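Asker: Residue numbers (the working numbering), protein chains in the order written: chain A, 128 to 427; chain B, 128 to 427; chain C, 128 to 427; chain D, 128 to 427.
Derived by calculation from the structure, the hints in this document are not laboratory data.
Note that this is a predicted model, so its numbers are computed, not measured.
Just to be clear, a hint being listed does not mean it is correct.
What the hints assert, rightly or not - Here are the computed lysine to aspartate or glutamate pairs in the EDC-like style, where the Cα-Cα straight-line distance is at most 20 Å: (1) A:K337 x A:D268; (2) C:K192 x D:D380; (3) D:K134 x A:E213; (4) A:K337 x A:D304; (5) C:K192 x D:E420; (6) A:K134 x D:E381; (7) B:K197 x B:E166; (8) B:K134 x C:E354.
Stated by the list, open to error - Label-pair distances were calculated between CB atoms; the ranges are: (9) D:H223 x A:W336: 49 to 59 Å; (10) A:P148 x D:P148: 26 to 36 Å; (11) A:W336 x C:G266: 26 to 36 Å; (12) D:Q145 x A:G329: 40 to 50 Å.
Note that the Cβ used here is the ideal one computed from N, Cα and C, for glycine as well.
4 protein chains.
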Amino acid sequence: MHPNLRKRTQVKFSDPAQLEPVDALFLAQPRGQAQHNIEGYTKIGAKIIDLSADFRLRDAADYEKWYSEKHAAPEWLGKFVYGLPELHREDISKAHYISGVGCNATASNLALLPLVQADLIDLSGSVIIEIKVGSSEGGADGNSGSHHAERANVIRTFSAFGHRHTAEVIQEMGIQDISLTMTAVDLVRGVLATAHAKVKAGVITKDLWKAYRAVANQNPFVRVVKEQRGNYRVPEPKILAGSNYADLGFELDESNRHVVSMCAIDNLMKGASGSAVQCMNLMMGWDETLGLEFTGLHPI
Amino acid sequence: MHPNLRKRTQVKFSDPAQLEPVDALFLAQPRGQAQHNIEGYTKIGAKIIDLSADFRLRDAADYEKWYSEKHAAPEWLGKFVYGLPELHREDISKAHYISGVGCNATASNLALLPLVQADLIDLSGSVIIEIKVGSSEGGADGNSGSHHAERANVIRTFSAFGHRHTAEVIQEMGIQDISLTMTAVDLVRGVLATAHAKVKAGVITKDLWKAYRAVANQNPFVRVVKEQRGNYRVPEPKILAGSNYADLGFELDESNRHVVSMCAIDNLMKGASGSAVQCMNLMMGWDETLGLEFTGLHPI
Amino acid sequence: MHPNLRKRTQVKFSDPAQLEPVDALFLAQPRGQAQHNIEGYTKIGAKIIDLSADFRLRDAADYEKWYSEKHAAPEWLGKFVYGLPELHREDISKAHYISGVGCNATASNLALLPLVQADLIDLSGSVIIEIKVGSSEGGADGNSGSHHAERANVIRTFSAFGHRHTAEVIQEMGIQDISLTMTAVDLVRGVLATAHAKVKAGVITKDLWKAYRAVANQNPFVRVVKEQRGNYRVPEPKILAGSNYADLGFELDESNRHVVSMCAIDNLMKGASGSAVQCMNLMMGWDETLGLEFTGLHPI
Amino acid sequence: MHPNLRKRTQVKFSDPAQLEPVDALFLAQPRGQAQHNIEGYTKIGAKIIDLSADFRLRDAADYEKWYSEKHAAPEWLGKFVYGLPELHREDISKAHYISGVGCNATASNLALLPLVQADLIDLSGSVIIEIKVGSSEGGADGNSGSHHAERANVIRTFSAFGHRHTAEVIQEMGIQDISLTMTAVDLVRGVLATAHAKVKAGVITKDLWKAYRAVANQNPFVRVVKEQRGNYRVPEPKILAGSNYADLGFELDESNRHVVSMCAIDNLMKGASGSAVQCMNLMMGWDETLGLEFTGLHPI
C-alpha cells in the first residue's frame with residue numbers, strides 16, 4: 128500500500144470489526160460512515176479523531192445544505208471540535224472528539240487567519256479565494272479524469288464556486304460572502320490558496336506584518352514567507368511535501384486596499400493527517416510537534 | 128534553434144542590417160529596440176507588426192508609468208493599432224502598424240470581452256483576474272528560477288498585482304479597478320485567466336450564454352467551452368498547445384451575482400505570434416485563419 | 128472525445144453495424160475483434176488498415192506464442208502486409224490489407240533499420256533495446272497505476288523482457304537474440320528506443336553515417352539527429368508530439384564496437400495512426416505525406 | 128538557499144577561511160578544489176569526507192584518463208577509501224579520509240553488487256547499464272538546457288557512453304567491459320540504473336534471490352523490490368526522494384541467461400550526501416543509520 132515503508136514497518140491492515148480499545152482512535156473512512164457508527168467507535172477510543180467530513184460542521188442544517196443529505200447523528204455535531212489547532216488549540220486540548228479538516232478549507236482558513244484575527248478585512252465586499260491543487264487531493268482511486276494522459280499538464284478550473292470545503296471557511300472565519308475557486312495543476316502533493324479581499328481603510332503594510340508575525344509566533348507550524356530575493360519569495364507548496372508547515376505570505380496594494388494573502392500546505396499533512404496527529408498530540412498532552420518534525424525536501 | 132523544423136526548412140537567421148524590403152515585417156525583439164528604430168523599419172516594411180511591448184499602450188504617460196522609463200517615440204504610439212483581432216478587427220484590416228499583445232493581457236481581455244461587450248459587469252466593484260502560466264512565458268533564456276530542479280512542480284504566485292500586462296487590460300477593457308495575479312505552474316505552454324467580477328443586478332445565466340456565444344460567432348478563433356460531462360468541461364490550455372484558439376467558459380452564481388469567466392490560450396500562439404499572424408492576414412486582405420489551422424493535440 | 132476538435136468537425140461516432148462501403152477502412156479496436164470479423168470487414172472496405180495486433184505477425188504459431196491464444200483467422204495472416212512504410216513501401220503500395228504497428232516495435236525497428244539494412248551488426252551477440260515511454264501508450268482508459276498521483280514522476284521498468292512488441296522486431300529485423308526493456312517515464316506522448324549492439328569488426332563511424340543517411344534519404348519521415356551543439360543533439364520525442372517523424376541518432380565506440388542507436392517517435396503518430404495514414408496514402412497512390420505535414424512544436 | 132529549513136535552523140554560510148577544527152569535515156566543492164588544498168584541510172578535520180570526484184579513483188592514471196587532466200595530489204589517492212558502505216564498510220570504519228560517490232556510479236554499483244558478490248556474471252560478454260536521471264543531477268546551477276521550457280518532458284540520451292562515473296564502476300566492480308548510457312527524464316530527484324548482463328551457465332532465478340537477499344540482509348539501506356502485484360513491483364526512484372535507501376530488483380530470462388538488474392536511489396541521498404553521512408556514522412562509531420531515518424513519501 129505504501130511502498131516507501133518497506134523494511135520499516137510490519138504494520139498490517141486488519142478488519143474494523145477486530146479493533147481493540149485504544150487511547151486515541153483515528154477514523155479515515157469515506158464520508159458518511161463515521162456518523163452512522165459513532166456510538167460504537169466511542170467504546171473503542173476514548174479520544175477520537177475523525178478525518179472525514181462527517182463532524183466538521185457545527186450545524187446540521189449546514190451539513191444538509193452542503194452535502195445534500197440529512198446528517199445521521201446531528202446530536203454529535205456539538206461534541207466535536209474542528210480539528211485545526213491554529214484555530215482551536217485550547218478546545219482541542221480538552222476535547223474527546225475532534226473532526227478532521229478539509230485541505231482546501233485549511234489553506235483558506237490559514238490564509239485568512241492573520242487578517243481575521245487582527246480584524247483587518249473590510250467585510251462589505253466579497254472575499255475571493257483562488258486555490259490550486261495537486262492530484263493527491265482526489266484520493267487514492269483514479270478515474271478517467273485522473274488518468275495520467277488526461278491529468279498531466281492541466282490547468283483545470285474544476286469548481287468555480289460551491290465547493291463543499293467552503294462551508295468550513297464560512298463557519299470558521301465567520302465571513303459569509305466568500306467563494307473558493309478550485310483549479311487543478313500538474314503536481315501530486317500541495318495546495319496554494321490565494322485569497323483576495325479589501326482591507327479596512329487606513330490599514331497599511333506594517334499592520335499586516337504585525338498580524339502575520341503574530342500568527343506565526345503563536346503557532347509552531349506557521350511561517351511567514353515574504354522575501355525580496357531568491358527563487359522562493361512566496362509560499363510554495365512543493366517544498367512542504369511531507370511537512371506539516373503552513374507557509375503564509377501577503378501583498379497589499381495600499382492604493383486600493385486590495386490584499387492578496389497566500390497559504391501553501393501539503394494537503395495530505397497540514398490539510399489532513401498532519402493536523403490530525405497534531406490534534407492527537409494536544410489531546411494527549413504531548414509536545415504539539417511530536418512525529419511532525421520532517422522539514423520537507425529541496426530541491427524537489 | 129527550432130529542432131522540430133529539421134528537414135522542413137532551410138530558413139536561416141540573417142543580420143538585421145541585411146534586411147531587404149518586404150510586404151510585411153514582423154519585429155520580435157526585446158522591449159525597447161523597436162521604438163528606437165521604428166523610422167528605419169518603416170522603410171523596410173510597408174506593414175509592420177511589432178511583437179514587443181513598445182507600441183501596445185496608446186498613451187505615453189501610461190508607458191512611462193508601467194515601464195518606468197520614457198517612451199522613445201511617443202509620436203508613433205497613435206499610429207499603431209493594438210493587435211488583437213477580437214477587439215480591433217476593422218482597424219487592423221486598414222492599419223499599417225500593429226502592436227503585439229501581452230499573453231496574460233490577451234487571456235484577460237478575452238475572458239472579459241463577452242461581459243464587457245454586453246455591458247454585464249457591475250463596475251462599482253473590483254475585477255480580479257487570477258492567471259496561471261507555463262514556463263515558456265519567461266522567454267527562451269533561463270535563469271536560476273527557471274532551472275528545472277527549481278521550476279518543476281511549482282505553484283508560485285510571482286506577482287500579486289502590478290504586472291505590466293495589466294496596463295493593456297485597463298486600456299482595452301476600459302475598466303480601472305482591475306488586478307492581475309500571476310501564478311506559475313508546471314507546464315510549458317499555456318495560460319488560463321480566471322476573472323472574478325460582479326454582474327449587474329438582474330443578469331442571469333441565459334444572458335451570459337448569449338454574450339459568450341455572440342463573441343464566439345463573431346470570431347473564428349473563439350470557442351465557448353461549458354460542458355456537463357467529460358474530462359474537458361472548461362477551458363483547458365493544454366489542448367490548445369500550438370493552436371490559435373481562445374477557449375472561453377463561465378459560471379454565474381445568481382445568488383450573489385459573482386461571475387467567474389475563464390479564458391485558455393497558448394501564450395505563444397493566441398498570446399503572441401498566432402495573433403500576430405492573424406493580424407497580418409487581416410492587413411493583407413487574406414483569410415484570417417491562414418496558416419493558423421492547427422487544431423492542437425489530444426492527449427497531450 | 129477529442130476536445131481540441133471543437134468547432135472544427137461535426138464528425139460523430141456511429142454504430143459499427145451501420146458502416147457503409149468505403150474506399151479505405153481503418154479498424155481501431157481492441158485486440159481480437161478484427162480477426163473474428165475480418166471477412167465481414169472486407170465487404171465494407173476494399174482496402175483495410177487494422178491498427179490492432181491481430182495481423183502483425185506472419186506466423187500463427189508466433190501469434191499463439193506471444194499472445195497466449197490461438198489466432199482466429201490464421202489463413203488471413205499471409206494476406207496482410209506489416210504496415211511500416213520504411214520497411215515495406217513497395218508491398219504496401221500494392222496491398223489491400225495492412226496491419227498496424229506496435230509503437231515500441233516501430234521505435235525499435237527504425238533504430239535498427241540503418242544497421243540491418245547496411246548489414247553492420249555482429250549477430251553473434253545480443254541486441255538489447257531500452258525503451259522509455261509516455262503514458263499515452265497505455266490507451267485511453269486509466270487504472271490504479273495510471274492514476275496521476277501514482278503515475279507522475281515515475282521511472283518504472285514495467286517489463287524487463289517479454290513485451291509482446293518484441294515479436295514484431297524479431298520478425299521484421301530477422302534478429303533472434305533481441306530483448307526490449309520497457310520503462311515508463313513522466314510524459315504523455317513519446318517513445319525513445321535506445322538499441323545496444325556490437326558492430327562487425329572494422330566498422331567505423333563513417334560507415335554508420337552512410338547507413339543512417341541512406342535511410343533518411345529513402346524515407347520522407349526519417350531524419351538523422353546528431354549535433355555537436357545545442358539542447359537537441361540527439362533524437363528527442365517531445366518535439367515530435369503530433370508529428371509523423373522518426374528521428375534517428377547513433378554513437379559508436381570504435382574501441383569495443385559498441386553501437387548505441389536511438390529512435391524517437393510519437394507513439395500515437397509514427398507508432399500508430401500516423402503510420403496507418405501513411406500506409407493509406409501509399410495504397411491509394413497519393414502523396415505519402417498527405418495529411419501528415421505537422422512539424423511538431425517547440426518549445427513544448 | 129534551502130527554503131524548507133526556514134524556522135528550523137539558524138545555520139549560516141561562512142567563509143572557508145574561517146573554518147575551525149572539527150571532528151569530521153565534509154567537503155562539497157566543485158571538482159578540483161579539494162585536491163589542491165587537501166593538506167590544509169587535514170589540519171581542520173581529523174576525519175574528512177570529500178564529496179567531489181577528486182579522490183574517488185585509486186589510480187592517478189585513471190583520473191587523468193577520465194578527467195583529462197593530471198591529478199594535483201596523486202600521493203593522497205591511496206589514503207582515501209571509496210565512500211560506499213555497501214562495498215567498503217570495514218575500511219570506512221577505520222578510515223580517516225573518505226571519498227564521495229558518483230550518483231550514477233552508485234546506482235550502477237549497487238545494481239551489480241549482488242551479481243558480482245555471488246560471482247554470477249558471465250564476464251565474456253559486455254555489461255550494459257542504462258541509467259535514467261532527474262534534473263537535480265545537474266547541480267544547483269541552470270543552463271540553457273536545464274531551462275524548464277527545454278528540460279521539461281524530455282527523454283534525452285545525453286551520454287551514450289564515456290560518462291565519467293563509468294570509471295568508478297569499473298574500479299569498484301572489477302569489470303572492464305562495461306558501459307553507462309545516460310538518459311535524462313522529467314523528474315527532479317531520482318536515478319534508476321538498469322543493468323543488462325549474461326549470467327553464467329546454470330544460474331537460475333533462485334540463485335539470484337539468494338544473492339539479492341544476502342546483500343539486503345548485510346546492508347540496512349538496501350531492499351529487494353520484486354512484487355507480483357500493486358503499482359510498485361520494481362524499484363522506483365520517486366518514493367525514495369529524501370531517503371537513503373537503494374531499492375534493488377531483477378529479472379532473469381533463463382532461456383538465454385539475460386539478467387536485468389535494477390537499482391533505484393535518490394541521487395542526492397544514497398548517491399551523494401546520504402552515503403556521505405552514512406560514512407561519517409561509520410567513521411565515528413555511531414549507528415550507521417543515524418540521521419538517515421526518513422522513509423520517503425507516498426504518494427509523491
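Asker: Each hint needs a verdict: does it hold in this structure or not?
Answerer: Right, here's what the structure says about each hint:
1. A:K337 x A:D268: Answer violated: K337 of chain A to D268 of chain A is near 43 Å, above 20 Å.
2. C:K192 x D:D380: Within the cut-off at roughly 16 Å; holds.
3. D:K134 x A:E213: 17 Å, holds
4. A:K337 x A:D304: Answer violated: K337 of chain A to D304 of chain A is near 25 Å, above 20 Å.
5. C:K192 x D:E420: 47 Å, violated
6. A:K134 x D:E381: 29 Å, violated
7. B:K197 x B:E166: 18 Å, holds
8. B:K134 x C:E354: 14 Å, holds
9. D:H223 x A:W336: 49 to 59 Å: Since the Cβ atoms of H223 of chain D and W336 of chain A sit about 50 Å apart, the hinted range of 49 to 59 Å holds.
10. A:P148 x D:P148: 26 to 36 Å: 56 Å, violated
11. A:W336 x C:G266: 26 to 36 Å: 53 Å, violated
12. D:Q145 x A:G329: 40 to 50 Å: Between Q145 of chain D and G329 of chain A, where Cβ atoms are some 48 Å apart, the hint holds.
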